[in-house]
Every structure is written in C-alpha cells, then in structure tokens.
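Chains A and B, in that order, are what the protein sequence lines are.
Take the first sequence: its position 143, counting from 1, is numbered 143 in the working numbering, and each next residue is one higher.
Take the second sequence: its position 8, counting from 1, is numbered 8 in the working numbering, and each next residue is one higher.
Hint data in this document are derived by calculation from the structure and do not stem from the laboratory.
On a predicted model such as this, the values are computed, not experimentally measured, just so you know.
We put the CB at the ideal spot given by N, CA and C, even for glycine.
Errors might be hidden in some of the hints.
[Unchecked claim] With the C-beta cut set under 10 Å, the calculated list includes, among others, these residues of chain B facing chain A: (1) Y20; (2) S28; (3) I80.
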Amino acid sequence: MRDNTTQPLPPDPLALSILAQVGLRRPATLPLDQEEQQHIAFQHPEWPMRLAAVQALGTWSQDAPLEPLLAALRDEHHAVRAAAARTLSKQGSRVPVEPLVAALQDTAWQVRTEAALALGKHWQRAPVEPIVSRLSDADDAVRAAAAWALGELRERAPIEPLTLALQDDAWSVREAAALALRQTGARMPAAALAAAQQDPDSAVRQAAGFALRAQGIGQPAPDPAVVPPAQGAPPAVFLSSPGRAAVAIISVLMLVPLSLGLLLSGNDADNTALVGRLIALGIVCGTIATINSIANHHSKGDTQ
Amino acid sequence: MQQGSPTSGAYQVFSLAHYYEQLVLLYSRPLTAFALRLTGHVEDAEDIVQDALIRAYYALERYPAERILALKVRPWLYKITWNTYCNYTGRAKAPAMLSLDASDEDAPPEPEEREEEQPDKIFETRERRQEVEALVATLPQRYREVITLHYLEELSQQEIAEMLNQPVGTIRVALHRGIRLLRKTLGIELKGGK
Numbered sequence: 001m002r003d004n005t006t007q008p009l010p011p012d013p014l015a016l017s018i019l020a021q022v023g024l025r026r027p028a029t030l031p032l033d034q035e036e037q038q039h040i041a042f043q044h045p046e047w048p049m050r051l052a053a054v055q056a057l058g059t060w061s062q063d064a065p066l067e068p069l070l071a072a073l074r075d076e077h078h079a080v081r082a083a084a085a086r087t088l089s090k091q092g093s094r095v096p097v098e099p100l101v102a103a104l105q106d107t108a109w110q111v112r113t114e115a116a117l118a119l120g121k122h123w124q125r126a127p128v129e130p131i132v133s134r135l136s137d138a139d140d141a142v143r144a145a146a147a148w149a150l151g152e153l154r155e156r157a158p159i160e161p162l163t164l165a166l167q168d169d170a171w172s173v174r175e176a177a178a179l180a181l182r183q184t185g186a187r188m189p190a191a192a193l194a195a196a197q198q199d200p201d202s203a204v205r206q207a208a209g210f211a212l213r214a215q216g217i218g219q220p221a222p223d224p225a226v227v228p229p230a231q232g233a234p235p236a237v238f239l240s241s242p243g244r245a246a247v248a249i250i251s252v253l254m255l256v257p258l259s260l261g262l263l264l265s266g267n268d269a270d271n272t273a274l275v276g277r278l279i280a281l282g283i284v285c286g287t288i289a290t291i292n293s294i295a296n297h298h299s300k301g302d303t304q
Numbered sequence: 001m002q003q004g005s006p007t008s009g010a011y012q013v014f015s016l017a018h019y020y021e022q023l024v025l026l027y028s029r030p031l032t033a034f035a036l037r038l039t040g041h042v043e044d045a046e047d048i049v050q051d052a053l054i055r056a057y058y059a060l061e062r063y064p065a066e067r068i069l070a071l072k073v074r075p076w077l078y079k080i081t082w083n084t085y086c087n088y089t090g091r092a093k094a095p096a097m098l099s100l101d102a103s104d105e106d107a108p109p110e111p112e113e114r115e116e117e118q119p120d121k122i123f124e125t126r127e128r129r130q131e132v133e134a135l136v137a138t139l140p141q142r143y144r145e146v147i148t149l150h151y152l153e154e155l156s157q158q159e160i161a162e163m164l165n166q167p168v169g170t171i172r173v174a175l176h177r178g179i180r181l182l183r184k185t186l187g188i189e190l191k192g193g194k
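Bound conformation, chain A alone (with noise of 0.2 Å):
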C-alpha cells in the first residue's frame, strides 16, 4: 500500500455497510442472549436486524442453531441470504449441503458466490456437478468462486471444466482456474497453464506460474511460511565446491605423515626434543586448518 495512504480517514458510512455485508462489523447492536430475543431478531422487519442476527450467530464456533440459520437462506433480503451462506460455511459437517447447493441457484449473485465458497469449504460432500454449472454462470465473481471451489474437491477436482475456464472472459475467473488446477496434483495440465502463463493478464500468468511450480515445472514455488535465508547464510551443501573436496584430501595426506614423522624419529628420553616435536606436531595441525579455514572462505564467495 502506498505511503500517503497510511493514516486511515475516520471511516465513512460506505465503508461501515461494505464491511457489514462481509460480516466483518454488525449493521445493528442485538442482545442475543436468550433464544425469545433471537427468534425476534431473525422475524424483524428490517433486514439490518435479521442480518445482524445471523452475524451473531456467525461468532458461534460451530454450535450455531441450524434451523434459523436454514431459514435466513430464504430470506427476502440477498444479504441476509449470503450472511447465512457465509454462516452455514463455518458450521462443520452437521450442516447440510442441499440447501447451499440450492443457494447456487439464487437470484443475487452475492449468494451464489458465498454458496460456492461454503461448498468449497465443506469439499468432503460438496457434489461436483452443481459447482461445475455455476463456472458458466453470468457473474464472474460467481465463476471464480466456483472455479475455487472446484479446486478445493482436490482428486475429485474436474479437470477439464477447469481447463476451459482458462479461457473465460474475466481475468478473474481465469486466475481462479490456474489457482485451482494447482491443487490437482499429477492431472494438472501443464500443457494448458504453460499456455496460460502467456495470458495478457499479469495475475493470470503468476497464478500459472504458482501452479506448475507446485508441480516442480518452473522455478520451486515460494513457500511464505518459511523464512528465506538471508544473505551471506552459509550453502546449505557441505563440501560442494570440488576445489573444498581437494583441499581437505591434501590436508589429510599431508598431515598423516608429517604426523608420523614427527612422532616416531628422535629418543624419548630427551624430554626437550619431545616437547618441540610435540609444537612442531601443533604447528603443522595448525597450517592445515588454517588453509582450510582460507579456501573455505574462498569457497563460499564462490557460491553466495
């Protein structure tokens, strides 16, 4: 983000309604503390209310009541519908799947895209066919989430709708497809996102590129949870250079012998001649790790 934008403006009423409707702040304050009070919420006349209510019950791990939550996805209003759709996603697998499954034929297209988003998070039982429809479906935003969610299926992940939808008309859409054909293992067709890393779109191309790095095509894929080494780290390879591999066989040829000589030539008894031997001994260890420590250092300019 940009430097002058940094100091956040007091947040204006478009943002605070932009943000209710992601459930990421209540468009009403509700004491939903006793079920009577909730029933009342959900049957409120107006939808900031019941979708509030449905937000509330959205901060419930994954014991939300299941029942009001089923019926908000009826409700009148799309963003009720899709608060409930997001609801039902977080929900666990007692949540049934035919009534999002449903939801993806809604008129609002914010309700589709939160049903194909909750079907892709329940990817154990989402069925396959519903999902693959909504890639033709006149929104995009609706496409790339079903595209996404298609990806999520993993093994049950359908290649060939996903491959066609590298070709849609949005940019968006497209993006989504590579990013889902990554999570399709050996099937990928790298032939097609090799084709696809020529997209005119720049978000198209890196979203290929992500894909067949995953698949060992390309450059390794960056893993953002592991901390690049910084530079000047040590390689990683021990003795890769073969000029390091030299060095230590010569030190060790040199250093067995004068070792022996030094060790085995004059008379114990001289106490004195002993004890120089002993400094020579130390002497000579000393030269050969200190050519070694030298090449090492050479070595790894070689590789940094």
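Here the structure of chain A is known, so what remains is to put chain B in place on it, guided by the hints.
Frame of chain A; chain B shown alone:
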C-alpha cells in the same frame, strides 16, 4: 475459517479480516472519487465501489497466502472497480481506442510541450487540479478514462494497459492526444477568461 479444507491456512484465519478492513477504510473514499469521475453520479459511484470491494473480499478469501503476499493492492482494486463499472454501465471493458499509426505511438514530445505546459505541471497545483479535473470530465470518453487513471488516480501506463486490456503504446498515445486536447481546451479557456 473452514473445517479442514485443504487450503485453509493460519494466514487467512488470523489476518484476512484485519487486512480487508484496513483496505476498505483506506480505499473506499479514493475508489468512490474514481467511480464518481467515471459516472458523474454519487449514488452510482457508491454502488459500484460497494460491489467492487465485496468482490475484492471474495477474491481475497479464495486467494492462497502467496497470492496475497504478491498482491499489488492499489492497481488490483482499481482493476476490480473498473470491471465493476463496466459491468454496471454495460460498457465494453476495453475502450474503443483510436486507430493508431506507429509513428504516433513512438512519437517524442512535441516541440510545444515546454516545461510549463507538460502534463504533470498542468495537474500540479490544487486550484489548477480542480479546474483541470472539471475540464477532464468534458473530454471524449476514450481520453477521459486514461487521463483520469494516469494523472488523477496515478496509475502507471503499464497498470492502465492491463486494466483496459490494451497495449502500453495505445495507452501512451491516448494520453498524449488527451493531454494535447486538454491543453488546447485550457488555452482557449484562459484566453476566453482574459
């Protein structure tokens, strides 16, 4: 965020909400100003930006962490807003640009583009900027959009080219001709004002 999804990641769980909230708070106003320049109607502009930023959220929710980390947020948001504007108004995503001849595409600045008349100078002062913004609104659409994106929204020619799905050279020529037209209009206005 999700029950055991293959791509569910700690990154999304812990930072997506905060990231998006910051993004909305930072960009809702500039994007609304941009949409307002395009549409000329406050309500339409707000509808477009609301739609665009919700689409942005759905995209972020789908994106793997490496995509989010690689994201250039500002041009990405403008691209989404542009697409939403096109869908909203039913206009073609790629504007009907001029037919270009190659010599014009590579043309150096014309002799009359002295320093005080160059585009950056035209938009420099606040008072003048407001005046020029009003004049930009009177330009033909194909010039108005690229001038707005480049000089008012400060997107690069490359970013505009990608957003409009046009070659960079086409954008450069449209900017060049748009500025020439703007300068001519500005000159006439100044003369008329004297």
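Verification of the supplied hints:
1. Interface hint at Y20(B): satisfied, since its Cβ lies 7 Å from the closest Cβ of chain A, which is below the 10 Å cut-off.
2. The closest approach between the C-beta of S28(B) and any C-beta of chain A is roughly 4 Å, which is under the 10 Å cut-off, so the hint is satisfied.
3. Evaluation of the I80(B) hint against chain A yields a held restraint, the C-beta minimum of about 8 Å falling below 10 Å.
Of the numbered hints given earlier, the model fails none.
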